[in-house]
Every structure is written in structure tokens, then in C-alpha cells.
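As a plain string of letters, each chain reads:
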Amino acid sequence: MKRLLIIGLSVLAAGMMINTGANATEMLNGAGASFPYPVYSAWGHNYNKDTGVRLNYQSIGSGGGQRQIASRTVEFGASDAPLKPSKLKKNKLLQFPAVIGGVVPVINMKGVKTGAVKLDSTTLCKIFLGEITEWNDDAITGLNKGVKLANKKITVVRRSDGSGTTAIFTSYLAGVCQEWKDKVGAGKAVKWPVGIGGKGNEGVANYVKRVNGSIGYVEFAYAKQNNLNYVKLKNAAGRYVAPSFDSFKAAAASGDFDAAQDFYLWLVNAPGKNSWPIAGATFILLAKEKKEANKKVVKFYDWAFDNGDDTATNLVYVPLPGSLKAKVRAYWKSEGIY
Amino acid sequence: MASHNNKDITGTAVYIMTAVASLSIIALILGIFYTLFVQSSLAIGKFGFFGFLFSTDWDPVRELFGAATALFGTILITFLAMVMAVPVAIGIAIFISELSPNFFKGPAGVAIELLAAIPSIVYGMWGLFTLAPIMSDYVEPALQATFGRLPVLEIFFAGTPLGIDILTASIILAIMIIPFTASISRDAFNLTPSVVKESAYGLGATKWEVIRNVVLPNARISVLGGIILSLGRAVGETMAVAFVLGGAHKISWSLLDMVSTITVTLANEFTEADTDMYLSSLYLLALILFIFSFILLAGARLFVMRSERKV
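For the protein sequence lines, the chains are G and A, in the order given. Numbers given in the numbering used here equal positions in the first sequence, counted from 1, plus 160. Numbers given in the numbering used here equal positions in the second sequence, counted from 1, plus 4.
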């Protein structure tokens, strides 16, 4: 019995030694949005190789990220939705964008090639309001002369869980369509007038693939990796654009990110003739008074801005355009953490 | 515990340890109840407990919340799953313990226990990718073409068959809870004293008469216990249902429509709930489920106690 105890204790002691060894390496603790988790962890992996600092990022969701940084339990929080300057002030937070994502309406229609169907904001809004219910409605066929649209009922597919993707999509609809703004509004979860709910991007994509005549919306990366049949959208400049790295970058470059407003911006209906209209940045939140911790976080994102674009692109995230990176760096400098 | 004098240190230690373990369970339950109550006070303050309970609103944008739709979904899906699962489970137990040839008893028993060991997320994925297409392509159109044409039944089969609906969710839930009732019932049936069975056969009873009049009554309480265990699991099941339910906050009588349950709402919306009222409403939803499960299990307990007295 005694021997067992001694063996047990020495194993425990050895374990603790290894543990303290691990604690000696510098850690960077963050938590929040699940959408940028793959790219943050890939950056973190490479950053660790370069600098020895380990990133510990927990993808607990944007709501959780906001709460964790507000209660100062992590060094940075991450959120898919920007916080309003007033809310940032209340919780004494700083905010900057880290990477761009976008939302793509996808459809299922037999015999129609991807990108062949074109929609404008009013039509898209009316489809999701349940006012346009057939694919051969005049509003749709008028935009799609020469495309053979089946005489099919439209099945709307939307998210059943709360999501940053939904927040971006509904912000777009609320921005371009007064009726949507009045009846539904924008948010991570809304009271949908019509449609079936899928859990996660994979849930929505699965239903869209299965139901002929359906329309849904998914994260750009998800649409691209699964070769879903996307829709071309009319942007603020009146041109039809396809979702691509270029059109997202164009949106990010033309978007009016203002450092004085802590970059609060929904990147929807962005001006610029090549801009994809439904995009959004995902944001990093910092505790204002913790200068030393913030310097560590900023150092990581500074490194990522310089070295992480290819990693991000490979994972189908859109890196920030150069002009926006410069703005973010100036913001860091003005806060004295860069 | 008659002899816990000073010499019997082991006895005292065991007494203390087991007592602490049991008391900590009660403390834990009270602690959870307290946390849920405190966290949901904001929502109770705004909507009132009963106002929240009976409201069918669920609009995160306008911050109007109510539990009626989710509670309706929870009750409906649990009920349907129990209706489907309990007879099948008892049938399985009867077959394995009384009717099947001996060489089959082992494999069948293991299969049932394996069914119980499959994580619920696996059921969810299987439901979404395999069962839902089968339901929407074959089963549900067939149901609509038959029962859907009858005068009263048609309201239960209205809508487009998409395979993600109350019916699919209940079937998955039924499959998940079958093992609990089945394996407990089987063990109980096996405990029937063979002397009693043999005397029944001796009196000229047929196999069915023995099962009906000896085995089943003898095991009744254990079977009820198994059913209660299934019920507890069904009420709280989340992931398997979340994938095939569609998460729509509404009350619908069609089996081919989508609803939401309390646990599904919590799983779907908790991580992204970013306003205080939203979060508090989710906590209140959890509190309601807590109270609901308590009432359900207490009722079941009472029922078992009453039938125990009759024996």
C-alpha cells in the first residue's frame, strides 16, 4: 500500500513538472466566434513555430467571446458581429477587424448552371419574406431573361441556430429592404417569416442540395468547398457580381471602416462596382486597460497581417485589404499598444 | 450501521463518505435550481413566469420571448417517441427472455446495449443524412397518399414532406430510448422465478398465457422503471433531435412540420445569445424544463409507488 502511494506521488510530481514546463511557454488566451476558428488556429500554429508563443483559442461562439472579454477572463475576445461604439465604451473595450467573411445565397434548380440565376436586393428580400413563392414569378423571370426557370415552388432554407452568418445576411436584407427591417429586423437569430431551418452551414447546404427549388444562404467558404449553385447579386453600384475572393476584397476595400468608430461596420451593400453586397468582417475585442496583454495580442495579429494571407486564402477566408490593415495598425498605435 | 464505535474506523469512514456523496447530490440539484433561477430573474421580471410560459413569441430581434412553442415541441415529440418505443421495447424484451432460442439471446442483448452506447450526435448525423431523405422520398409521401386523404387525419399529415420534421425526430428519439426500456425489462423478465412459470405450465397454460399472466405482472414495476428512465432521456435529448427538427418556434399539429424543443433551442441559440434578455430567457427556458422534468418524474414515481402497494 505504501509503495503504491510512493509510486503514485512520484508519477504525480513528474506530471506536475512537465506541466510547469508547458506553462513556462508564453500563452495567448482568446475565446469567441466559431467562424474564424480554423484560420486563427492555423495562424496560431505557424506563430508558435516562429515565435514560441502558443495561441489558445476556444471557439465558444460570439456571444460567449463578448461575455468573456467583458468579464476579463481572456486576453482577447472574438465576435462575428461588430459591437456598437456605445457598447464598447460601456465595457471599456477596443475592437478591430481580423479577417473578412461573406454570405452567399445558394439555390437548387435542376438544369440551371451555377451563377446563372441573377437576383436583386428587392427580389431576394421578397423571397425570404415569403411574398414571392414561385420561381417563375415575374419579378424573377424579369431579371433572368434567357434562363429557363422551372415552374417550381420556392422553398426557403435558413439557419435554425444563432449565427454570425445569419446576422450578416439579415443586416443586408434590413439595409436594402424597408419591409424586412420593419417586419423582421437583423440579428443572429430572427423570427423568420417562412422557411425550414438547418443546423449550421452543413445543415442548410444539405437541405438546399436535397430540395429541388430551394434557396438558402451559407458562408462563402462553405459554398465554395461544396460547389453549391450560387446566385449572382446586384450590388449597390447596380452591377451583377459573383461571389469570389476578388468581389469580397473589393467590398472590404470600399467599405467605410472608421477607426474613430472602432471599425463598427456591417459590410453589406458596400459601394464599388465589383463589391459583393453581403460580406462582413469578424472582429477582435480587447480590454482597454490591459496594455501589456493587448500588446501581445496585437503582436500576433500584426504577424498574421504580414504572414497569414496565404494561410487564410487556402482556408477560403478573405484577408483584409492592405488599406484596411494600415487603418487597423494606425488604430493600434493611437491606443498605444503597437 | 449499528456498529460504528471507535474501533470500527472503516465503517465510520464509509458511512461518512457515502452520506456526503448522497447529500452532495441534493446540494447539486438545489445549486443548479438556484443558478437557473438567479440567471432567469431578468426574464421573469420582464415577462412574468406564467406570461413567459404561455407566450408563443420567440423574436430575438425585438427581445420578445416565450416558452409555449418549445414546451409544446418537447411534450409532443417525447409523447410520440414513447408511443412508438415502449411497445417495441417490451416486445423485444419478451422475445429475448422468453421466446428466442438460447444461441440468439447473447447477440441480441449485446446489440441492444450497443444501441444505448451510440452517442446521440451520431444518431443526429444519421438522421439528417440517411433517415431524413428516406422519410421525405418514400415514407412521408406514402403517408400523405393514404392517411393524408382521410377527413380528420389529414391535419396531421399536411405540408411538404421534407424529412426534417416532428415525425423523423420522434422516430430517431424512439430508436434511442428503446434500449433502456428493453434491457431493463429483459432483466426483469429473466428474474421471474422458474418455479412459478413451471407451475403455470403444469396447470396447462400456453406460452402466451404464461407471459401474459405470470412474467409480465411479476416484472411490472421494473418495466415501469425502465419506461421512466426512457422518459427522462427523451425529454432531455438534444443533439439527435436538433439535426432533424428544423428549429422553428411555432405550434403545429402536422407531423410533417417543424417545431423546436427546449433543449434544441438551448443548444442552437445559447452560444450566440448576445443580449442579456436573450440569455436570461434561455435560462428561464432551462428552468422550465427542470421543473417540467421534476414534475414528470415525481408523477411517474408516485405511479410506481401506487402499483407497488397493489402487488
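Since the hints were derived computationally from the structure, they do not count as laboratory data. No residue lacks a Cβ here, since even glycine has one placed at the ideal position from N, Cα and C. Check before you lean on any hint, since a few could be wrong.
Derived DSSO-like pairs: lysine-lysine, alpha-carbon spacing no greater than 27 Å straight-line [said to hold, decoys possible]: (1) K249/G <-> K201/A; (2) K250/G <-> K459/G; (3) K209/G <-> K286/G; (4) K369/G <-> K384/G; (5) K485/G <-> K433/G; (6) K450/G <-> K286/G; (7) K312/G <-> K50/A; (8) K254/A <-> K313/G; (9) K50/A <-> K286/G; (10) K244/G <-> K313/G; (11) K50/A <-> K341/G; (12) K343/G <-> K211/A; (13) K109/A <-> K343/G; (14) K209/G <-> K369/G; (15) K487/G <-> K252/G; (16) K211/A <-> K351/G; (17) K384/G <-> K343/G; (18) K384/G <-> K485/G; (19) K341/G <-> K254/A; (20) K351/G <-> K50/A; (21) K247/G <-> K50/A; (22) K369/G <-> K50/A; (23) K456/G <-> K433/G; (24) K250/G <-> K50/A; (25) K254/A <-> K244/G; (26) K450/G <-> K250/G.
Rough simulated footprint, nothing fancy, chain A against chain G, three-plus residues with beta-carbon under 8 Å [what the hints assert, rightly or not]: (27) 216-222; (28) 355-362; (29) 365-371; (30) 376-389; (31) 490-497.
Tested hints:
no. : hint              : verdict
1   : K249/G <-> K201/A : violated, 78 Å
2   : K250/G <-> K459/G : holds, 26 Å
3   : K209/G <-> K286/G : violated, 50 Å
4   : K369/G <-> K384/G : holds, 14 Å
5   : K485/G <-> K433/G : holds, 22 Å
6   : K450/G <-> K286/G : violated, 47 Å
7   : K312/G <-> K50/A  : violated, 44 Å
8   : K254/A <-> K313/G : holds, 22 Å
9   : K50/A <-> K286/G  : violated, 33 Å
10  : K244/G <-> K313/G : violated, 39 Å
11  : K50/A <-> K341/G  : holds, 24 Å
12  : K343/G <-> K211/A : violated, 65 Å
13  : K109/A <-> K343/G : violated, 60 Å
14  : K209/G <-> K369/G : violated, 40 Å
15  : K487/G <-> K252/G : holds, 21 Å
16  : K211/A <-> K351/G : violated, 57 Å
17  : K384/G <-> K343/G : violated, 32 Å
18  : K384/G <-> K485/G : holds, 25 Å
19  : K341/G <-> K254/A : holds, 21 Å
20  : K351/G <-> K50/A  : holds, 20 Å
21  : K247/G <-> K50/A  : holds, 22 Å
22  : K369/G <-> K50/A  : violated, 42 Å
23  : K456/G <-> K433/G : violated, 38 Å
24  : K250/G <-> K50/A  : holds, 23 Å
25  : K254/A <-> K244/G : violated, 32 Å
26  : K450/G <-> K250/G : holds, 16 Å
27  : 216-222           : holds (count 3)
28  : 355-362           : holds (count 4)
29  : 365-371           : holds (count 4)
30  : 376-389           : violated (count 0)
31  : 490-497           : violated (count 0)
Of the numbered hints given earlier, the model fails hints 1, 3, 6, 7, 9, 10, 12, 13, 14, 16, 17, 22, 23, 25, 30 and 31; all others are met.
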